[in-house]
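Line order of the protein sequences matches chains A and B. Each residue of the first sequence is one higher than the one before, starting from 29 at the first, in the working numbering. Each residue of the second sequence is one higher than the one before, starting from 7 at the first, in the working numbering.
No lab work stands behind these hints: they were computed from the structure. Possibly wrong hints are sitting among the right ones.
[To be verified] Restraint ranges, calculated between C-beta atoms of paired labels, are given here:
{"no.": "1", "chain 1": "A", "residue 1": "Met-29", "chain 2": "B", "residue 2": "Lys-386", "range": "56 to 62 Å"}
{"no.": "2", "chain 1": "A", "residue 1": "Met-29", "chain 2": "B", "residue 2": "Tyr-380", "range": "39 to 45 Å"}
{"no.": "3", "chain 1": "A", "residue 1": "Ser-189", "chain 2": "B", "residue 2": "Lys-386", "range": "27 to 33 Å"}
{"no.": "4", "chain 1": "B", "residue 1": "Asn-107", "chain 2": "A", "residue 2": "Ile-163", "range": "23 to 29 Å"}
C-beta atoms are modelled at their ideal positions from N, C-alpha and C, and glycine is treated no differently.
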Amino acid sequence: MQYEPVIGLEVHAQLKTASKIFCGCSTKFGRGPNSQTCQVCIGMPGVLPVLNKTAMDFIIKTGLAMNCTVAPYSRFARKNYFYPDLPKGYQISQYELPVCQGGYVEIAIDGETKRIGLTRIHLEEDAGKNLHEGIEGASHVDLNRTGVPLMEIVSEPDIRSASEAAEYMRKLRAILRYIDVCDGNMEEGSLRCDANVSVRPVGRKEFGTRAELKNMNSFKNVQKAIEYEIKRQIAVIEDGGKVAQETRLWDTSRGITLSMRGKEEAHDYRYFPEPDLVPVEVSKEWQDGIRATMPELPDAKRERFVREYGIPDYDAMVLTESRALADYYESAAKLSGAPKQASNWIMGDVLRELKSAGAEAEQCPLEPERLAGMIKLIESGVISGKIAKTVFEEIYGSKKTADEVVKEKGLVQITDEGEIAKAIDEVMAANPQNVEQYRTGKVALIGFFVGQVMKKTGGKANPGVVNDLLRKKLA
Amino acid sequence: MELHGLTLHKLRELIIKKEITAKDAAFAYTRRIGQVEPEVNAFLTLTPDKTIEMADKADKALCGGQFDAGLPALTGIPLAIKDNMCTKGIKTTCASRMLENFVPPYESTATARLAAAGYVLLGKTNMDEFAMGSSTENSAFGTTKNPWDLGRIPGGSSGGSAAAVAADMCAAALGSDTGGSIRQPAACCGVVGLKPTYGRVSRYGLVAFASSLDQIGPITKDVEDCAIMMNAIGGHDPLDSTSADVDLPDFTANLKDGIKGLKVGMPKEYFVEDGIDKEVYGSLMEAVKTLKSLGAEVREITLPHSGYAIATYYILATSEASSNLARYDGVKYGYRATGHADLLDMYKRTRSEGFGPEVKRRIMLGTYALSSGYYEAYYKKAQQVRTLIKRDFDEAFKDVDIIITPTSPTPAFRLGEKTADPMQMYLSDIFTISVNLAGIPGLSLPCGTTSNNLPVGMQILGRHFDEETVLRAAYAYEQATDWHTRKPGLS
Ligand SMILES: [Zn+2]
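This is chain B alone, in the form it adopts within the complex (with noise of 0.2 Å):
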C-alpha cells in the first residue's frame, strides 16, 4: 500500500523504524491532496510552507538519535486540523465571510499539544460555517464532497476533516462535536471519530459555537490511531475552566483487552424501525451479533426523555451560540461592510452580510430563547430537560458498560437534498445530540457499507471519562470486522 494509505500507527512504526522520513510522509501526502483534493474539496487552507517545516523539525528530531519510545508520539505525522482551531499565524476562517482573512495571533491548546507531540500540519478543513450544521454544504467557501460518492454530502460540520481522512489526504484529523459534528461526519464517510467527554480536551482556541457542548475530537482511520491521538490532545488545560482535572490514562493501553462480559446497552428509544434506514438498522443489528460473539452481554434500556434531546439542544446551543457570536460586530477583526451611516448600521450591514444563513437563523433563535419574558419557558426549561437527560444516561450506566446506536438514522445524503429543510437537517443529528447534552463520550466506527456503497457508522457511548471502554470496545469490534479496511474508490 502507498504511504498515504497507511494508518498512524503503522505511518508512525516506519518513521521511528527509520525506513521513511517525516517528509517523504510529508510529500506523499501532499501528492495525494494534489490528486483528489480538486474533487474532494476537504480543505480550506493548505500550508505547504509548513508542512515542509514542521517535517524538517520531526526529521532532526529524529536524527538526533532518540528514536525510541521516548519519542513524541507524533513525531512527523501529518495531520489535518478544522478550520476553527486558532492556529498562530495561519488563517482560522470558520468557513465564515466573516473571519475570512482572520490570522489568530496565538494558537489554540489542542494544535499546540499536537506541536508538542512533533505532528506536521497538511492544512485546515472545510466545515459547516461556525460548525453549524451536518452536511458542510454551510461552508462560505464551498460544499466538500463524500469521498464514497463525490455526489453526496460528507457529514457534518467537521465534514472537511472527515473527508480528507477518509481520502488519505492526511493520517488522521482534529474535529469539533457540539451535537455530532464528529460522529455523523465520521459515519458518512466510513471512519472513526470520537467526541470525549465534555472537559477531557481544551476548549482554549477552538472558536466557540456552543460553550457547554463543544468539544474537540480525533477522526481516524482506525481505533488504534484514535486511542494515540487522544494520549496527544487530553488533560487538563489551566486556560480552560471546564477542562476537567482528572488523570489522563494512556488510552493505548488496555485497548486490546477484549470486551468478554461486557455489558452492553440497546436504547429501545433509538431502535425504532420506521425511524431508522432499512440497511443502517440492518448493519446495527449485524453489529449486535458480532459484539455478543465476542463475549459482550447485550441488553435493551431505556433513555426515556431522548425525545427532547432536539429540541432542548435547539434552544441551549442557540442561546450560546447568540452570545458568542456577539463578537463579530467589524469593530476588531474579520469582515466589516462598507458605507454604514452609523454605529447601529455598521452592525447590522456588517452581521447581515458576514453570516450565512444558518449561522443567522440561529443567532436569531437563540437570542429568542435569551430574550426577557421567554428565558424561563425556553432557556431554563431546556436546563432542566438538559439534566433529566443526562440522569437517563447516569440511570442506564449504572446496568450496562457502554451503550450503542446508530451513528445516524441514513447513510449520507445526496448534496442539496436537505438544504431547503432545516429541520430535516436537524434530525441526521437525532442520535448523537442527546451525547453532548449528557457530556458523556461517544464514538462512531464503521459497522457497514449500504447496497450502493454507502458506509454505516455505529455509535458507541460510554460513562463520564471512561473513553478507555468506549475505545476498547471499537476496537474488538473493528479487529472482529473488516469495515475499517475498506476505501472509497477515488481515482
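Chain A extracted, bound-state conformation (with noise of 0.2 Å):
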C-alpha cells in the first residue's frame, strides 16, 4: 500500500527584544546563572507582569509578513503546571484569542510554489533551565531564559514530506531573519520546532494517529527525524500494529526517535484567561504603523531579482535566502553594472567561500565594492576570468582592491592583437602536426591550440581575441 504522510509544525522562536517580555532584564544568552533575573520573572509573591510592547511588534509584524489576521483584541492565558524551572507554577502563554490567526507561507517545492497554511501565532514567556550536571545529589535552577519573549508559530498540518518541511523551516527562518523579530539560531535554541507527524493510505482522508518529535536542533534533524519517523509509523502499520498517540524525542547520535512515555502523563493544563494583564487591542493604527516599516520579503524580493537583474530563478531564490546576502548581491550588481557576473560569482565563489568557513554573508570579508571592482575589470576586458579567479583569491581574504592585484602580479591582459598573433606563430610552427590535422578536418584541437597559446602568454592573452586569430590563421 502507498502512504502518504501528514505533517504539522509547531516552530518556537525566541524574540529579539532587548528585555524580557514581563520584566525589564535583559534576555542576552550565555551570562552567569541566575545573573539575569528580578522578582518578577522569578516569581517572587506579589509581582505582576507588564507586557513588552516590543515583543508585540514583534508578533504584529510577524503575523502581517506571514499573511495572517492580527486580532484586534487578544489575551492572555495561564497555562498551569509544576516545574522546577517554571517559578509561578505556570507559564504565561495564550490559548483562545493569539495575537495572530491563519496566514501562510510559501515555500518552493520542485520547481512548484507550494502554500502551506499557518492556525495561529500567539506570544508566550519561555521557561527557566534546570541544571543537573556536576551538582551531587541535587539539581539547580538557572532562571536567566525565564521570560524571555516565545512566538510560537503553528501550521496547519498541510506539509506533506521531510524535506517540505525542512523547507518550509527554512523559509520561516528566513522571513523571520528579514524582519529582524529572531536570529533564527536553531543550535542556540533561539528558533525551535516540534513536529506533529502521521501517516495514512493515500487517498484516505481521515488523519492517522499521530506522534509529536521534540529535539531536533537543526534543518538537517528535522528532515531526518521526520523520515525516520514515517518510516517508523509505515513499518508499525504493516506489521499490522497501531501507531500510538506520543511525544518522541529524536536521538541524533543514533539517528532514531524514542517513546518518552512514562514520563508523559496526560497533562491537563487548566488553561484560563491571565487576570493580571489586561486584553491587548491592537489597533489599526498600530498595525499600519508597522506595515509602514515592513522590509521587501524573500519572495518579493526574488521576483523582483529575476525581473530586474534577468538571472535565473534559481539563482534569485538563492540569493533571497537571507537578507544580507541579497543586499550583498544587490549591491554588488549595481555596483559592478553586471547582475548576471555578479550572480555567479557570489553563487559561486563567494558562496563556497563562506560556507567553508561557515560564515554568513554579513560576515564577508570581500566587501560588494571589491566584488564589482573585479567584475568591472573582467567587463571591460582588463583581465580574463581565468585570471580572474586568481584576483579573486587574493582580493578575498585581503583589503586590496582587484585593481592593485591586477598591477601588483602584473595581470592585465594582452588584448593587443600583434602581441597575440606572434604568440599564435610561435605555437603554430612548433606544432605543424597538429596544425595539419586541424587543417583536415579535427576542429576540435582548437582547444588545443588555445590552450598552448594562453600557456604562452602566461594566462594573460584575451580569449577572445586569440581564438578569433586562431581561426583566422588556421584556416
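Could you fit the two chains together into a complex? Lean on the hints.
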C-alpha cells in the first residue's frame, strides 16, 4: 500500500527584544546563572507582569509578513503545571485569543510553489533551565531564560514530506530574519521545532494517529527525524500494529526517534484567562505603523531580482535566502553594472568561501564594492575570467582591490593583436602536425591551440582575441 | 484623650503644628501596643527599629522647615500593614507556614506610596492565611481577638488590621479585600474600611489571592482618615497593568459637601428580615432614617442576580487562587518539606505541610473548577454570571447614586463558632462579595451597636471610580451620629 505522511509543525521563535516579555531584565544569552533575573521573572509573591510592547510589535510584524489576520483583541492565558524551571507554577501564554490567526507561507518544492497554511501565532514566555550536571545529589535552576519572549508559530497539517518540512523551516527562518524579529539560530535554541507526524493510506481523508517529535535542533535533523518517523509509522502499520499517540524524542547520534512514554502523563494545563494582564487591543494605526516598517520580503525580492536583473529564478531564490546576502548581491550587481556576472561570482566563489568558513553573508570579508571592482575589470576586458579566479583569491582574504592586485602581479590582459599573433605563430610553428590535422578537419584541436597560446602568454591573452586570430590563421 | 486614641487627621494636625514630634506619636502607639497587644494579638511582626528610624526621618522632614500644606500627608503617622503586602527587608508571611520566614527583596507600590507620604511603620498585621477567611482564625500563627469582646472574632481576612485600628494600636491600617476582607472586619470592629474600585490602588506587591478581585484599601478610625489614606495610596501604577489610568481626585475635597438630594438605593434582596440578625436590621433601619433626615432620597432597588454571588465568587476566586498559589512549591523560597523521595514527593509534602486546611480546600476547589471537562460548566459559567451581577449594579446606578446594605448579616461571632462549617463562614460575606465581582467601591462604617455592645456596620456602595460620593455620604452620616467615637472597653 502507498502511504502519505501528514505533518504539521509547531515552531518556537525567540524574539530579539532587548528585555524580557514581562519585566525589564536583559535577554542576553550565556551569562552567569540567575544573573539576569528580578522579582518579577522569578515569580516572587506579589509581583505582576507588564507586557513588553516591542514583543507585541514583533509578533504583529511576523503576522503581517506571514499573511495572518492580526486580532484587534487578544488576551493572555495561564498554562498551569508544576516544574522547577517554571517559577510561578504557570506559564503565561495565549490560548483562546492569540495575536495572529490564519495566514500562510509559500515554499518552493520541485520548481512548484506550495502554500503551507498557518493556524495561529501566539506570544508566550520561555521557562528557565534545570541544571543537573556537576552537582552531587542536587539539581539547580537557572532562571535567566525565564520570561524571554517566544512566539509559537503553528502550521496547519499541510506538509506532506520531510523535505517540505525542512523547506518550510528554512522559509520561516528567512522571513523571521528578514523582518529582524528572531536571529533564527537553531543550535542555540532561538528557533525550535516540534513536529506532529502521522501517515495514512493515499486517498484516505482521515488523519492517522500522530506522534509529536521533539529535540530536532537543525534543519538537517528536522528532515532526518521526520523521514525516520514516517518510515517507522508505516512499518508499525504494515506489521498490523497501531501507531501510538505519544511524544517522541529525536536521538541525533543514533538517528532514531524514541518514545518519551512513562515520563509523559496526560497533562491538564487548566488554561484560563490571565487576570493580571488586560486584553491587548491592536488598533489599525498600530498595524499600519508596523506595516510601514516592513522590509521587502524574500518572495517579492526574488521576483524582482528575476525581473530587474535577468538572473535565473533558482539564482534569485538562493540569493534571497537571507536579507544580508540579497543586499550583498544587489549592491555588487549595481556597482558592477553586470548583474549576471555578479550572480555567478556570488553563487559560485563567494558562497563557497562563506560555506567553508561556516560564515553568513554579513561576515563576508570581501565587500560588494571590491567584488564589483573585479567584475568591472572582467567586463572591460582588462582581465580574463581565468585571471579573475586568481584575482578573486587574492582579494577575498585581504583588503586589496582588484586593481591593486592586477597591477602588482602584472595580470593585465593582453589584447594587442600583434603580440597575440606572434604567440600564435610560434605555437603553430612548434606543432606542424596538429596544424595539419586541424586543416584536414579535426577542428576540435582548436582547444589545444588556445591552451598553448594561453600558456605562452602566461594566461594573460584575451581569450576572445586568441580564438578569433587562431581561426583566421589556421583556416 | 491620649495620643493613641486620636484620629489620623487630628494626629496630623498636632504634628504639623509641632505640638508633638513624630517620635512622640510613635512612642504613644508602641506603648499602647505593649499594653493591649498581648490580649488582642493583632500583629504578626512588630518593627520597633524601623518605627524609630522612620519617625526620626519624619522629624527631620519636620525640622526642615516645610511644616505646611506641602508636607507629605502622612508625615510621622504610625500605621499598620496587613501581612500580605511586601515590605522590603521585613518579613511578609501571609499568616502562612509557607512564608513563615519570607523576607521580600522589594516593596509593594501601596506601602512605597505610604513611605513617600512620610508614614511610620509599626508592624505587620495578622490575617487569615493568604487572605482566605472571614474570621482571622485561619492564620497559621494564632487568632486575633475582637477588641470589643475578646471571646469573638475580629472578622477577616484583614482582622489584624481592623483590630489594631479599633484597639488604637495604630492611627490607621491597610487591609486587602477580595470578597469583603476589609469591610467585614471593619464592621466587626466598629471602624471604617474601604474597598476601592478595582484598579484604583495598585496590586503590585500584594501577595495575590484572586487577582481579578483583590484590592488594597484603608481601615481607619473615621471617614476623613479614610479619604486621606486614599489620597496617599491611590492612582495608576505602571507596574500593575490592571491599575486604571484615571485621574486621582483629592478625596478630601468634597467630603463635607453634604448629601442633600443624594439618591440612595436599598436592594430588596439584601434587606430580608429573616436573613439578617434582628439588631443589625434595626440599626440599618435607623441609619436609613438618619440619611433621609440629611436630605437623601431613599428608594428600593433590585439586584436580581444577588443570589448567585457566593457560588460565582467561590468558583472564580478559588480558580485564580489555585494558580496564584502554585508558586509555593518549595523550590525557590518559603517552606520546603524534608525527607522527600523525589520531585513530585517534595511538591506534595511541601504543599501539604505548608498550607493550612482552608487554603488547601480552596486550591482543590479551584483546580477542580478549571479542569478539562469542568471548565465550561464552572469557570466559564461563573464568568458569565459575574457579568450579569455587574450589569445589575450598572442598572441600579442609573437610578441611584449610592447603595446601602448591611456589611455583614451578623455582628462578630464567637471564636470557633463557624470553623467547623465552611459554608456558614462563607455566608458572612454574602453582602460584600458581589461588590468585588462588580469591581465597584464599597465602604463599611459603624452604624450601631447591639445589646451586648458589638458594633454593627453599614455598607455604602458607589459607581466605578466614584469613591468620592461614597466617602461624602459616609462622612455626612458619620457626622450626624456618634458611633465612630465609641471605643471598645479594653483596659
Ligand atoms: Zn526579570
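Could you tell me whether the CB distance from A:Met-29 to B:Lys-386 stays inside 56 to 62 Å? This hint is violated: roughly 45 Å between Cβ atoms.
In this structure, is the beta-carbon distance linking A:Ser-189 and B:Lys-386 contained in 27 to 33 Å? 41 Å, violated
Do B:Asn-107 and A:Ile-163 keep their Cβ atoms within the hinted range of 23 to 29 Å? 24 Å, holds
Regarding A:Met-29 and B:Tyr-380, is the given constraint of 39 to 45 Å on their beta-carbon distance met? For B:Tyr-380 against A:Met-29, whose Cβ atoms are near 42 Å apart, the range 39 to 45 Å holds.
Of the numbered hints given earlier, the model fails hints 1 and 3; all others are met.
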